[in-house]
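Assemble the complex: chain A is given as a structure, and chains B, C, D, E and F with the ligands must be docked to it using the hints.
Protein chains in written order, with numbering that gives the first Met the number 0: chain A, 0 to 310; chain B, 0 to 310; chain C, 0 to 310; chain D, 0 to 99; chain E, 0 to 99; chain F, 0 to 99.
There's no promise every hint is true.
[Unchecked claim] No farther apart than 27 angstroms at their CA atoms in a straight line, the calculated lysine-lysine pairs in the DSSO-like style are these:
# : chain 1 : residue 1 : chain 2 : residue 2
1 : E       : K25       : A       : K216
2 : C       : K185      : B       : K185
3 : F       : K98       : F       : K69
Hints listed in this document are in silico derivations from the structure and should not be mistaken for laboratory results.
Read off the chains here:
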Amino acid sequence: MDPVVYFFVLGLAARLLRSDLKLPGVLYESLTIYLLLAIGIKGGVELASHPAGPIAVQVAAALGMGAVLPLIAFPLLRYAGRFDCYNAGAIAAHYGSVSVVTFAVGLAYLAQRNVAYEAYMPLFVAVLEAPGIIVGILLGRMADSGREARWPLLLREVLLGKSIVLLLGGLLIGWLAGPTAIAPVKPFFFDLFKGALCLFLLEMGLIVAARAGDLRKAGAFLLCFGILMPLLAGTIGATVGWLVQLSVGGTTLLATLAASASYIAAPAAVRIALPQANPGLSLAAALGVTFPFNITFGIPVYHAIARFLHT
Amino acid sequence: MDPVVYFFVLGLAARLLRSDLKLPGVLYESLTIYLLLAIGIKGGVELASHPAGPIAVQVAAALGMGAVLPLIAFPLLRYAGRFDCYNAGAIAAHYGSVSVVTFAVGLAYLAQRNVAYEAYMPLFVAVLEAPGIIVGILLGRMADSGREARWPLLLREVLLGKSIVLLLGGLLIGWLAGPTAIAPVKPFFFDLFKGALCLFLLEMGLIVAARAGDLRKAGAFLLCFGILMPLLAGTIGATVGWLVQLSVGGTTLLATLAASASYIAAPAAVRIALPQANPGLSLAAALGVTFPFNITFGIPVYHAIARFLHT
Amino acid sequence: MDPVVYFFVLGLAARLLRSDLKLPGVLYESLTIYLLLAIGIKGGVELASHPAGPIAVQVAAALGMGAVLPLIAFPLLRYAGRFDCYNAGAIAAHYGSVSVVTFAVGLAYLAQRNVAYEAYMPLFVAVLEAPGIIVGILLGRMADSGREARWPLLLREVLLGKSIVLLLGGLLIGWLAGPTAIAPVKPFFFDLFKGALCLFLLEMGLIVAARAGDLRKAGAFLLCFGILMPLLAGTIGATVGWLVQLSVGGTTLLATLAASASYIAAPAAVRIALPQANPGLSLAAALGVTFPFNITFGIPVYHAIARFLHT
Amino acid sequence: MKTHPRKLLVVIAEAALERQLVADVKRLGAQGYTVIDVRGGGARGDRGADWDADRSIQMEVICDDAVAGKIADHIHQSYFEDYAVTVCITEVGVLRPEKF
Amino acid sequence: MKTHPRKLLVVIAEAALERQLVADVKRLGAQGYTVIDVRGGGARGDRGADWDADRSIQMEVICDDAVAGKIADHIHQSYFEDYAVTVCITEVGVLRPEKF
Amino acid sequence: MKTHPRKLLVVIAEAALERQLVADVKRLGAQGYTVIDVRGGGARGDRGADWDADRSIQMEVICDDAVAGKIADHIHQSYFEDYAVTVCITEVGVLRPEKF
Ligand SMILES: Nc1ncnc2c1ncn2[C@@H]1O[C@H](COP(=O)(O)O)[C@@H](O)[C@H]1O
Ligand SMILES: Nc1ncnc2c1ncn2[C@@H]1O[C@H](COP(=O)(O)O)[C@@H](O)[C@H]1O
Ligand SMILES: Nc1ncnc2c1ncn2[C@@H]1O[C@H](COP(=O)(O)O)[C@@H](O)[C@H]1O
Ligand code: NA
Ligand code: NA
Ligand code: NA
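Isolated chain A (complex conformation) (with noise of 0.2 angstroms):
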């Protein structure tokens, strides 16, 4: 197991024993904006080296995947877990978008095992982080004609969310500098990138524990559902990564999006656009379940079947 998840369990053990530990939220906001600055300018600096013609066919499976992703999980939450339509929108928004870390988790498991993948693989989660979202919320207010919608709003706060903005800013960053200009930037943006994911998992370790009673009301469902919908998710983007022709890697990479959940962009635009959804219950499969279950097994088992496929 990659040493940053060792992190993630220090973090959970330090909460359940009840330690004081915690890590001041600011730093908890400022690793957040450094990852995704770091990861979008990694990928930015390839981007240009690559010919921009399948890169635009990929980018156009993957909005689709985001986008088809939630109509998936939708009904089963809807139909299987007996959800409401608030909540199994809600749901289905976190599990159609995606979760930066656990993409760089993934980064830091290839990088370990020295498997190459797109470089400009970055790009793939600035474009999958919004159609999950709203979709999801879409489905969620289907039934909901009463209020007005005030869709203008909801898209602004979708799309120019701090992740989008800081990734698709870091790409273009990138692209735009090169490597040589980069350079100057490397030991801060590049060199202490796997450090800062370690505090940052320290943390989310501590957060995932403190929220280990909304995992226990979450109830059975729920709990499958945050394991069994990212294998499905997962094999799903490993075929779509496949089709269009990724890497072994590459192929790795987007499965883990697909199957990874949304736990910074879609709260917070769910609990506008939702009011009526308990955000503890997505909270419970996205973070409590579906993200340990990633960082610890689910990327392996795509890494798997993205090799079995290429095979």
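Then chains B, C, D, E and F with the ligands, alone, in the frame of chain A:
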């Protein structure tokens, strides 16, 4: 254009598009402290290897220049701009002092072009911070015989403000420790410098965009002043640098300092010493016009002037 | 003197001159977390390559020493210093425990002189943190039969305080991951260490100067105690280190730990467990006298003692 | 020192509502507002401010009776059902009556 | 807008007491609480929040008279002697009386 | 629980005034004060606390009527004209009357 400037533009764009991207205030404060210390230490390490005599002359010249700049800005503001005494003095104080971040962008600009400069230039940042503020405040208070002056308090505020303390402290530490003893802190204070500067400029972009309203209220005169004053001051700075026999790089940096307007030390001091002045005006000019102008067009111009003078 | 100490002096001077320099509280917290984790990880990586037997003996000896130190401090404070039971116990608890930053300055001191030491020394920091606090509190409560003790709560507070969790957690992670897997986080956790320590010491200087008032109230006895107690404890620590066959470097570090007084874990635990004690007294001695003494004069003295014992 | 009676309306709410609440109180006639980052707990569980979804704010608005009533009613209708929100109102005295 | 009278109990205390105070007010019948990080000064000197030992919090509890009395009495007995603690009580109006 | 009537004076002001305000209230007879970092908006525009010049604080002082009056008057004279400052006063009850 140096990639650090892209980060400024990213911040600008994010806020103007009304993204919810926000850097925690504490991160801004921490980056300020880091940049000031790092600049100071870097300069201090080099100071040891230079003869004190010529530097003393250069410092004296810089001090004089710092005191003269507000004397030029004040009548322009008072008579051409028709500002009252308080506001003219306040704005003159901002332009008399210096902007550390503009200086840092200047350093990055020269480094990218492999232009050598006197490595002890940070000394001038520390030296130039206070005189302009003090003279500007004096000018602003001329009309104001009613209130008691509280100069001791004010001088402490200016001379022991955090920027001077950190810059001079860093210089002293670098000088005392020397290159060998400083080596173990190099990865922290030197290698991360440019990356931290990027993050800082991102925040500057956000702040400048947030104050765009002030800019509209400030009027056309202040807009022009915000561009012409740095060009004038930059020319003066370049001339002084050339007279005291700084290299082309050093001359460029002294011009950059002269042209830059303070937005850390000056606003705090002026707010206490000239409360009647509208802080929105000074900041609109210093932050909203002069800072972006300097980091994009100004620095190359001052570099060109410096080269011209040295041929 | 190691340059890290200059930063302490800078902080001291800035506050005594009443500069407005202030490090955000969150930066202080973040640096604490970083230093603890980094020290732990570094020690853990080395732990793997050492035989467990001798280390177990050394750890047991350290544990015993940690429990004995407050038993020496308490009667001194109670009878020579005429403090009441509560304050004597509280101060004894601070001196029985250890200061991580003093340890870090010791590491820097040895590194600069190329003195080798057992790389698993951080283990002793974790081991020595708790026993002194617990014994000190026990001593302070002897007279206090009225209040119920709430020991379970207190033990959790002490044993699961953030310093022990982060140190032990870091040790465990370093040990599990081993040198190869840790390599990618080296730039973050190892290379930045000394720079982060500088920033931390700057803040320590500011804090110590802010508490200068306490020092004046604390009186002459506490001033002497703050210098003589570390010398005594340092000698004991060096002797123990020599007996359990630590190297000269290791002996110096164990002496430094014995001589150091806690100001992170102890104040928090003592405030809850011995509320009748005046926290100003313990902190005046531990922070105001012993900390500055140790990082300037103490560590070289303990090094000299260690060398003397090993010849 | 002569003071004039006004209301101080205090709203404790999820941080996600900050933008909307600021817009609401301005629209309903408040001439100013103050916001504080807080943590807390209540009917909707503990909100420890550890991360985004758990952050809360406290908004304070000094205003006259009519505006206080309008804001309280609006919050009642718009947010009480779905969000972690608490409202209380105090009598305060102010120096510059025209300001509130 | 009809409001119901309740008490707002404000406790300013050393941050070290936060955990205990939260447990106390819950045990004594408060249905919610809000905590703010503050700095300040008083009889026990200036507490500038520069570092752990100097941090203070302000806890606000809206509750009925009986609970307010119990909490105030408990704080009086448990903390006034040894800790930097300040307590005050205000009359407030609330919209949902069953909540407090 | 017997309480004694006092005033709670609340001052919301630019952060640049913190040092002066602390000195002022001490000089005018307050035996303590509490300061909170806030953001807000009013007649002088929005102050989002994004950076130094935009930061605001809220100072709370519990004191008797006379001191409250003196502080309010002083702030009125010294700061109202040039600074973003808001003041309000509430009736509160305290447990230890000698403390305020
Ligand atoms: N009785 C109370 N006193 C003070 N603050 C409260 C109270 N009840 C709730 N709050 C605050 O309001 C927020 C939302 O309350 P609730 O909707 O009851 O969960 C909580 O997180 C607390 O910060
Ligand atoms: N008169 C007062 N007004 C407002 N806050 C106070 C007052 N007295 C004390 N405090 C707050 O309560 C804390 C503890 O007070 P003390 O026990 O008097 O030192 C102080 O640090 C202040 O934050
Ligand atoms: N009506 C109000 N209610 C609450 N806070 C206010 C009000 N008016 C002003 N403030 C606060 O006081 C600060 C200064 O107010 P002003 O001088 O009106 O700009 C603002 O930034 C707000 O934080
Ligand atoms: Na997904
Ligand atoms: Na200038
Ligand atoms: Na010790």
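- Message: Under the constraints set out in the numbered hints, which ones does this structure not fulfil?
- Response: none
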